[in-house]
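Residue numbers for the first sequence follow the UniProt record's numbering, beginning at 1 and rising by one.
Misleading hints may appear alongside valid ones.
Computed cross-link-like contacts, DSS-like style, restricted to lysine-lysine with a CA-CA straight-line distance of at most 30 Å [to be verified]:
1) Lys275 - Lys212
2) Lys667 - Lys633
3) Lys269 - Lys231
4) Lys66 - Lys166
Quick caveat, the hints were computed from the structure, so don't treat them as lab data.
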Amino acid sequence: MQNLLLNLNPEQLAAVTLPAQPALILAGAGSGKTRVLITRIAWLIQTGQVSPSGVLAVTFTNKAAKEMMMRLSAMLPINTRGMWIGTFHGLCNRLLRAHHKDAGLTATFQILDSQDQLSAIKRLLKSLNIDDEKYPPRNLMYFINGAKDQGLRAHQVDVSDDYNRKFVELYALYDQQCQREGVVDFAELLLRTYELLARNQPLREHYQARFKHILVDEFQDTNDLQYKWLKLMAGQGGTVFAVGDDDQSIYAFRGANVGNMSTFEREFKVENLIKLEQNYRSHGHILDSANTLIANNSKRLGKNLRTDAGHGEPVRIYESTSDLLEAQWIIEEAKSLINEGATRSEIAILYRSNAQSRVIEHALFSAGIPYRVYGGQRYFERAEVKHAIAYLQLMDNPHNDSAFLRVVNFPTRGIGARSLEHLQDAARQQGISLYAAVPYVAGKAGASLGAFLKLIEGTRFEAQHLPLPEMIQIMLDMSGLITHYRSEREGADRIENLEQLVNAATLFVAEEGFGHNAPALSGPQADVLAAASITTADGIEIIDADARLSFIMSPLSAFLSHASLEAGDNQAKTGQDALQLMTVHSSKGLEFEAVFITGLEEGLFPHENSQKEESGVEEERRLMYVAITRAKKRLYMSFSQTRMLHGQTRYNLRSRFFDELPEQALKWLSPKIQAPQHSWFAHPKAAWVDEPQFGANTIANKFTKLDLGWRIGENVAHLKFGEGVIVNIEGSGDSARAQINFGKHGMKLLDLTVAKLEKV
DNA sequence: ACCAGTTAACTTTTT
DNA sequence: GTTAACTGGT
Numbered sequence: 001m002q003n004l005l006l007n008l009n010p011e012q013l014a015a016v017t018l019p020a021q022p023a024l025i026l027a028g029a030g031s032g033k034t035r036v037l038i039t040r041i042a043w044l045i046q047t048g049q050v051s052p053s054g055v056l057a058v059t060f061t062n063k064a065a066k067e068m069m070m071r072l073s074a075m076l077p078i079n080t081r082g083m084w085i086g087t088f089h090g091l092c093n094r095l096l097r098a099h100h101k102d103a104g105l106t107a108t109f110q111i112l113d114s115q116d117q118l119s120a121i122k123r124l125l126k127s128l129n130i131d132d133e134k135y136p137p138r139n140l141m142y143f144i145n146g147a148k149d150q151g152l153r154a155h156q157v158d159v160s161d162d163y164n165r166k167f168v169e170l171y172a173l174y175d176q177q178c179q180r181e182g183v184v185d186f187a188e189l190l191l192r193t194y195e196l197l198a199r200n201q202p203l204r205e206h207y208q209a210r211f212k213h214i215l216v217d218e219f220q221d222t223n224d225l226q227y228k229w230l231k232l233m234a235g236q237g238g239t240v241f242a243v244g245d246d247d248q249s250i251y252a253f254r255g256a257n258v259g260n261m262s263t264f265e266r267e268f269k270v271e272n273l274i275k276l277e278q279n280y281r282s283h284g285h286i287l288d289s290a291n292t293l294i295a296n297n298s299k300r301l302g303k304n305l306r307t308d309a310g311h312g313e314p315v316r317i318y319e320s321t322s323d324l325l326e327a328q329w330i331i332e333e334a335k336s337l338i339n340e341g342a343t344r345s346e347i348a349i350l351y352r353s354n355a356q357s358r359v360i361e362h363a364l365f366s367a368g369i370p371y372r373v374y375g376g377q378r379y380f381e382r383a384e385v386k387h388a389i390a391y392l393q394l395m396d397n398p399h400n401d402s403a404f405l406r407v408v409n410f411p412t413r414g415i416g417a418r419s420l421e422h423l424q425d426a427a428r429q430q431g432i433s434l435y436a437a438v439p440y441v442a443g444k445a446g447a448s449l450g451a452f453l454k455l456i457e458g459t460r461f462e463a464q465h466l467p468l469p470e471m472i473q474i475m476l477d478m479s480g481l482i483t484h485y486r487s488e489r490e491g492a493d494r495i496e497n498l499e500q501l502v503n504a505a506t507l508f509v510a511e512e513g514f515g516h517n518a519p520a521l522s523g524p525q526a527d528v529l530a531a532a533s534i535t536t537a538d539g540i541e542i543i544d545a546d547a548r549l550s551f552i553m554s555p556l557s558a559f560l561s562h563a564s565l566e567a568g569d570n571q572a573k574t575g576q577d578a579l580q581l582m583t584v585h586s587s588k589g590l591e592f593e594a595v596f597i598t599g600l601e602e603g604l605f606p607h608e609n610s611q612k613e614e615s616g617v618e619e620e621r622r623l624m625y626v627a628i629t630r631a632k633k634r635l636y637m638s639f640s641q642t643r644m645l646h647g648q649t650r651y652n653l654r655s656r657f658f659d660e661l662p663e664q665a666l667k668w669l670s671p672k673i674q675a676p677q678h679s680w681f682a683h684p685k686a687a688w689v690d691e692p693q694f695g696a697n698t699i700a701n702k703f704t705k706l707d708l709g710w711r712i713g714e715n716v717a718h719l720k721f722g723e724g725v726i727v728n729i730e731g732s733g734d735s736a737r738a739q740i741n742f743g744k745h746g747m748k749l750l751d752l753t754v755a756k757l758e759k760v
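With the hints as extra help, turn the sequences into a complete structure.
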């Protein structure tokens, strides 16, 4: 038996071996948070305090859940497959499948991803003849998800005005539509499970008794409903072990509530609060920068990272004149890093928003440097895969109208808008699904719809007793998808993706233990199965949800939920050693030898949409904190005076975050403040490299427009508004006015003859 | 049913 | 500058 506790620092050791009481672990970036969480589970099991089936470990991403399982099986001789380790949504899916009747769902209920949800909402609005200008589908979706994330049903939402009343009404109708179609959205998975457990006492008590230890990763990212869910699962005296970092809370925009950390502390009467402040990732100057920056936030639980690694190199800061040059500079630096022996995949280029990647990609492409962009389209989100999935969904649950509409005329089979209108009328009249309404449509339209219905039923018949991969192969052939893409010019990739679906199914069936060669249970996990069926004191039989999908649903249902819950790899194909490009958000949890944080400009980072409220700026600051703490040895930050955004040139000030960094940790590679007479000529390098790109009609000639000595792009200072950049000048002489970007004070139009402006 | 041409929008993102 | 969604013509 290996000693799990070796090589833990005193804080980590204390956290791992805490008594069975509620605990909050404040774990800074790079402090070994995941390690503590996993070792805690292993230690609890190894010391006999809990059996593997008594552990509930919740994460936010599938990646994190997988990593946890992998590392846990490396520590202990157990099969983690049957354990309750997963995402909130994955675990809820399992519970709802096992108890679908109690939850008011069909056995084959299907899960809508955000795309599906939006189209379901659009469909709803259309069927109700509601003006989607007045009630934008996207807003309605945010409204519904926001309410659900707080644990509120339509009738529980406070109505403030008529506009809101309509939203609430539509929320209720949306839920009815989903119920009719046998589908649930992501938020519904959680809310349904919550309601199931809240209402069903025997079930609740069963799971509360079962899960002796509940462990939560990234606790700062929980929303209100997830917190309530955890509270319900834990019950009285439940032991929740929450690990998180309030300084890394960057998902408030999707409902995450950092306040859950202090609420948890209060409501669970947490006596065990441990801070992990020893950082094993970054050198001193980098860490100092992170610490000094984040100290500007007001609402913090308080934490300061330290390292034994020494100061290391200073943080390098570069000011560029244009986004193009910024990209070129990044590439020059990256090149020299590689020449010095750096591995490409150990270099990351981070940006605030995806739109910024284009310039950088372009420059990398021209320079012939391999790179990888995270956050592209994922496998199960590709159109052709979505189509194939829709056929499978119809085979498993024909009342899924979204799936029906997606493929009823794809490949085209002569079912146009008119035919569908008839069908939708019939369905509405009868209050049934489109599939069920087909017999009610007469004439030519009825005939072609009938043929489609026969196709689905024929496919289901042919496939019914076959293993999942063969089932999918038959669907691909019979649906005509493969034939359709074969006739398309650029269909080869799509066909390959479709064939890939068969492979994915083969892999899935093997991994989830479906089929004949499912591994037999043995060892410490046997009790997982033993609990499969229990009878409570009241004589109510409970079918216990096992963590393995194969016990509670058919391979097809399981595969479909897998497709919705795990959209597939979010990163470009691995293989070649490549530079890593991603948003700051998607960099969370990763680390690199060298990091470039780019586009550090007012309006971009912090983003302009977040500047209205102080809490918004604080979240941006945490985002910046996350970005800084990704770097191990070398950190670059850059910003540009001009940038093409939405097709027009923007003049930005450098980010306020620069003023919040410790000067002694920084090294400015270019002058911090430029002499006014130099303006964009300030960098000889810039001017030369620039010439080819700066054609006669781009930025260069804009600078030639002089008025009263003021130039577009020039940095100025105003008594009241502080520093700004001249974005535009209109008129001339005594009617000249300048549009000036004052960063946090916003854009102002000032009369140049009146305003007291100074050159900076 | 399908194409081309026009228009409006547009942080961050996992499940 | 890009893209999705819509309009009008064939």
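Evaluated hints:
1. Distance hint between Lys275 and Lys212 is fulfilled; the C-alpha atoms sit about 24 Å from each other, no more than 30 Å.
2. With a CA separation close to 14 Å, the supplied pair Lys667 and Lys633 stays within the 30 Å bound.
3. With a CA separation close to 13 Å, the supplied pair Lys269 and Lys231 stays within the 30 Å bound.
4. Between Lys66 and Lys166, the direct Cα distance comes to roughly 42 Å. Violation of the 30 Å bound is thereby established for this hinted pair.
Of the numbered hints given earlier, the model fails hint 4 alone.
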